[in-house]
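Trainee: Residue-level listing of the chains:
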Amino acid sequence: MGVLMDSESRVVVQGFGAAGQREAATSIAYGTTVVAGVTPGKGGTDVDGVPIRNTVREAVDEFGANISLIFVPAAFAADAIVEAADAGIPTTICITEGIPTLDMVKVKRYLRGGATRLIGPNCPGVITPSERSRAGIMPTDVYLPGNVGVISRSGTLVYEAVDQLTRLGVGQSSSVGVGGDPIIGTTQREALELFEADPETAAVVLIGEIGGTAEQEAADYIKGMSKPVVAFIAGATAPPGRRMGHAGAIIAGKAGTAQAKQSALMDAGATVVQSPSKIGETMQQVLKERGLA
Amino acid sequence: MKLHEYQAKELLARYGVPVPGGRVARTPEEAEAVARDLGGKVVVKAQAHTGGRGKGGGVKLAGSPEEAKQAASEIIGMQLVTHQTGPQGLPVDSVLVEEQVDIDRELYLSVAIDNASGMPIVIASAAGGMEIEEVAESTPEQIHRQAVDPTTGFMPYQARALAFATGLDGDLMRPATALMAALVKAFEESDGTIAEVNPLAVTKDGRLLAADAKFSIDDNADFRHKDLMELRDTSQEEEREVEAHAAGIQNYVKLDGNIGCLVNGAGLAMATMDAIKFEGGQPANFLDIGTANNPEAVVAALKIIGSDPDVEAVLVNIFGGLARTDIIAEGVVQAKRQGLIDQPTVVRLAGTNVEEGARILDESGIELVRADGFAEAARKAVEAAG
Numbered sequence: 054m055g056v057l058m059d060s061e062s063r064v065v066v067q068g069f070g071a072a073g074q075r076e077a078a079t080s081i082a083y084g085t086t087v088v089a090g091v092t093p094g095k096g097g098t099d100v101d102g103v104p105i106r107n108t109v110r111e112a113v114d115e116f117g118a119n120i121s122l123i124f125v126p127a128a129f130a131a132d133a134i135v136e137a138a139d140a141g142i143p144t145t146i147c148i149t150e151g152i153p154t155l156d157m158v159k160v161k162r163y164l165r166g167g168a169t170r171l172i173g174p175n176c177p178g179v180i181t182p183s184e185r186s187r188a189g190i191m192p193t194d195v196y197l198p199g200n201v202g203v204i205s206r207s208g209t210l211v212y213e214a215v216d217q218l219t220r221l222g223v224g225q226s227s228s229v230g231v232g233g234d235p236i237i238g239t240t241q242r243e244a245l246e247l248f249e250a251d252p253e254t255a256a257v258v259l260i261g262e263i264g265g266t267a268e269q270e271a272a273d274y275i276k277g278m279s280k281p282v283v284a285f286i287a288g289a290t291a292p293p294g295r296r297m298g299h300a301g302a303i304i305a306g307k308a309g310t311a312q313a314k315q316s317a318l319m320d321a322g323a324t325v326v327q328s329p330s331k332i333g334e335t336m337q338q339v340l341k342e343r344g345l346a
Numbered sequence: 587m588k589l590h591e592y593q594a595k596e597l598l599a600r601y602g603v604p605v606p607g608g609r610v611a612r613t614p615e616e617a618e619a620v621a622r623d624l625g626g627k628v629v630v631k632a633q634a635h636t637g638g639r640g641k642g643g644g645v646k647l648a649g650s651p652e653e654a655k656q657a658a659s660e661i662i663g664m665q666l667v668t669h670q671t672g673p674q675g676l677p678v679d680s681v682l683v684e685e686q687v688d689i690d691r692e693l694y695l696s697v698a699i700d701n702a703s704g705m706p707i708v709i710a711s712a713a714g715g716m717e718i719e720e721v722a723e724s725t726p727e728q729i730h731r732q733a734v735d736p737t738t739g740f741m742p743y744q745a746r747a748l749a750f751a752t753g754l755d756g757d758l759m760r761p762a763t764a765l766m767a768a769l770v771k772a773f774e775e776s777d778g779t780i781a782e783v784n785p786l787a788v789t790k791d792g793r794l795l796a797a798d799a800k801f802s803i804d805d806n807a808d809f810r811h812k813d814l815m816e817l818r819d820t821s822q823e824e825e826r827e828v829e830a831h832a833a834g835i836q837n838y839v840k841l842d843g844n845i846g847c848l849v850n851g852a853g854l855a856m857a858t859m860d861a862i863k864f865e866g867g868q869p870a871n872f873l874d875i876g877t878a879n880n881p882e883a884v885v886a887a888l889k890i891i892g893s894d895p896d897v898e899a900v901l902v903n904i905f906g907g908l909a910r911t912d913i914i915a916e917g918v919v920q921a922k923r924q925g926l927i928d929q930p931t932v933v934r935l936a937g938t939n940v941e942e943g944a945r946i947l948d949e950s951g952i953e954l955v956r957a958d959g960f961a962e963a964a965r966k967a968v969e970a971a972g
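Those sequence lines, one after another, are chains B and D. If you're matching positions, the first sequence starts at 54 in this note's numbering and goes up one per residue. If you're matching positions, the second sequence starts at 587 in this note's numbering and goes up one per residue.
It is worth saying that the hints were derived from the structure and are not from the lab. Be aware that a few hints might be false.
Calculated lysine to aspartate or glutamate pairs in the EDC-like style (CA-CA distance at most 16 Å, straight line) [stated by the list, open to error]:
#, chain 1, residue 1, chain 2, residue 2
1, B, Lys331, D, Glu720
2, B, Lys307, D, Glu962
3, B, Lys159, D, Asp735
4, D, Lys889, D, Glu827
5, D, Lys771, D, Glu652
6, B, Lys331, D, Glu962
7, B, Lys307, D, Asp894
8, D, Lys812, D, Asp755
9, B, Lys161, D, Asp735
10, D, Lys840, D, Asp928
The structure presented is a predicted model; accordingly, all values stated were derived computationally and were not measured.
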């Protein structure tokens, strides 16, 4: 089980360039079913045994692709996400960094109420270690099958947290990188809902960051969760950036600070870790206390 | 990318936002000529990327072209220090010379991205001016918002609702809704991240004017705004940050401490700074190398860190995913061999190709402090920086 990815997942990679090929190969070696790559104009060829098609629709019709993994360059990524949704892909995971915000405004609105869930953009992807199912860019050897769900706004910081867990023998049910951009498809709160519903997950690590109000929205949901949450907020010591105008402050108020996020999470019953090197041992402790280890 | 006030007003005026008469001047003589064209009575405003310019002495009233020349000669060439700039201030090499307007009341109007709804929102308040953030906090009912749905765009009823809520009724209704629509259009077509008019002035003779304007453009959309990108004024940005951007490193921020940091990923970079402070040290910079797929990018980044006179130790903290630790290691070795970093250097590598990365460091024979975990790396860097 785990969330979003399992052994039934059939991955199509949109944007089969150097990064797409390398990550597809890593996923295949891990045990994931990668059914096709999409490169417009190269349909009918294959790269290292992976068939290439011109459109996502072809990959769905011919190979039953049900997960799309996007590496398409930023200027064309919105097009790629909507193409995946239009082809009926239920889960599309966008790795691409640097997509213009107003492109994401349109994409997010287009997806609203539809059947496609977007993870990211600007995220490391999703992995379910027990099913050896991976769509993303994370290093596979730090993951260990287990019962802790991991949600992160940051890419590399999640590897750090998972590495700490694995070194302590605490395995993961799934790891979901929700992405670091202002506008993302699946929020921290929505990722928490997935883990709350997953029978294999006993507890969740949530890695947030300064800025915005997403951690507060997650905290609202944590109040009613049956599973314990260990949270870390990156950027507690970051200096305030040079601001432009007042609009940002009017929208978010003081909610963007690490302190505001930490207290919202603590009030909701989460265990908040102050030092980034203590994420693993804190979760181990929480599992022991709750008899979940 | 931030625009100067004069650039923002030129942009907004093209969309039909009414702005005071005026032009930019780069010398006192030019300022004098502009003032003469405007009838003599003007305001001379320093063009720098900061708020609070008036309090910092960057805005002066002039009653004649000669006074405008005098005011411009005092402002051009100054380092403008405000509550937002830090003690070193920002250089000023131009002024906006504008007609003086008799203001009856000041409102607030902006367009920005609301992450929670995933849409731009238009924010308006009858309580414009410097204290708008306090207004938002103490009397939030005075702040009015309308989300811009991309399927319909900003609708006329939304503009009317904001106009009524902020007292822009009667004869001001039509110009107010037209101004709001123009501001949203400028925001959308220029890939704005913030478009702010504060104050939005109602003049004593009943006109509506954008008395001040701030506009910021999404750097990720630069590929479709070549013309606007030419307006970038790098004199307003930190020198090392400009150098970093030129080398293709987008995420570099200069800080006050003495430990130079090279990290992959913004979250890990922030957490590394947190860990350094936990160990009692201070980071000299934030640097997210991202997916460095060639050693040259790493060398360029280390050159910027190594040449920073504040840096007494360097911490390289990499958890490779898409980024490969062997490429990072190769970059560190090259930078050391080229003498670009002579400070003690702590390297912590984990993730993709870590065995190969470690082998490259081992076989280089270069003196490096190696660290296994994250906390250990931060502790060793703090020790090395003394």
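Trainee: Of all the hints given earlier, name the ones this structure violates by number, lowest first.
Mentor: Those not satisfied are hints 1, 2, 5, 7, 8 and 10.
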